[in-house]
Each structure stands twice: as structure tokens, then as C-alpha cells.
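Read in order, the letters of the sequence shown are residues -21 to -1, 1 to 119 in mature numbering (1 follows the signal peptide of the UniProt record, and there is no 0).
The reader is advised that the hints may include incorrect statements.
Label pairs and their computed distance ranges (CB to CB) [claimed, not checked]:
| # | residue 1 | residue 2 | range |
| --- | --- | --- | --- |
| 1 | Leu22 | His77 | 28 to 38 Å |
| 2 | Ala37 | Gly80 | 37 to 47 Å |
| 3 | His119 | Val24 | 11 to 21 Å |
| 4 | Ser79 | Ile48 | 18 to 28 Å |
| 5 | Thr92 | Gly49 | 21 to 31 Å |
| 6 | Ile48 | Val24 | 29 to 39 Å |
| 7 | Pro38 | Trp105 | 13 to 23 Å |
Just so you know, the hints here were simulated from the structure itself, not pulled from any lab data.
None of the values given here were measured: they were computed from a predicted structure.
All C-beta atoms, glycine included, are put in the ideal place defined by N, C-alpha and C.
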Amino acid sequence: MKTPTVNTALIWLLCGWSVMAASLVHANSVTVNVQNATPEVLLLVSSYPPGHFPMSIAPGQTAPVSFDIGGTSSEVTATYRRARAGTACRFSASHVVHVSGPRFNKSAVSTGTTSATCLTFQSPTWRIPYNYTATFAFYH
């Protein structure tokens, strides 16, 4: 069994840095579709990055939100609550690029005084610049 040489280690290091550098050069696009499958208006409680998500979403509507985010990571979050019911959902979608490749994450949590059905779907692109689409779905 051969032990790695300095040249082999240098090649691995340079390859890893080239992936990271390429990710820094390209901005990735994130599209989030916020889906209101409830009979009430959804009201925005909080979001990150601020100022992008709609303040309200009518019943049965889906609101698309797009972001151009540079660098090797992204994170988008939004918390919506039903206008009259005590239900709320906190959604998030993110990615981070490691030397070994990207890691995509998503979550949806019911946060209101009564439980809601909150779902998140994510469709990543597995090549630079690692764009993805996420759906934040708020059900009864």
C-alpha cells in the first residue's frame, strides 16, 4: 500500500480550493414558493433575508420569491401565521458548500398555539453555482 506523497496531497488541496473558488465567483439563485393551502390569509411574522417575502398571502395562492446570493452558502427563512387561527409555521431552506461538495437542508416546524401542517420541499442543482428551488407549504 502506497502512502500519499506531497504531490498527491497538493493536488487534492488545489482541487478542493478550485471548487471553493468557483463557488465564490458564481452567485447562486434561490427560488422559494410560499404556498397557502389554508382557508385564511397568511401573515408574515419574520423572514431572512428581510424585505423579500410578501407581508400576506391570500387563501389558495402561491407566492414566488427569488434571491441571488453569492458565496458558498445561503439561508432563507420565513415564519407565517394564519390571520385568525392560532397556527403558525416556521420554514427554512439552506445550502453550504464543503470541499467534498454541497449540503442542502430544509425544515418546517409548527410554532403556533395550535398545531399546523407545515411542509418544505427542496429541489437542488448538484453543480456550480448550486441553485435550488424550495416550496414552503402551509396547510390546516
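Right, here's what the structure says about each hint:
1. Leu22 <-> His77: 28 to 38 Å: holds (37 Å)
2. Ala37 <-> Gly80: 37 to 47 Å: holds (39 Å)
3. His119 <-> Val24: 11 to 21 Å: Check passed, 18 Å falls within 11 to 21 Å.
4. Ser79 <-> Ile48: 18 to 28 Å: holds (21 Å)
5. Thr92 <-> Gly49: 21 to 31 Å: violated (39 Å)
6. Ile48 <-> Val24: 29 to 39 Å: Once the Cβ atoms are compared, 22 Å apart, the range 29 to 39 Å for Val24 and Ile48 is violated.
7. Pro38 <-> Trp105: 13 to 23 Å: violated (35 Å)
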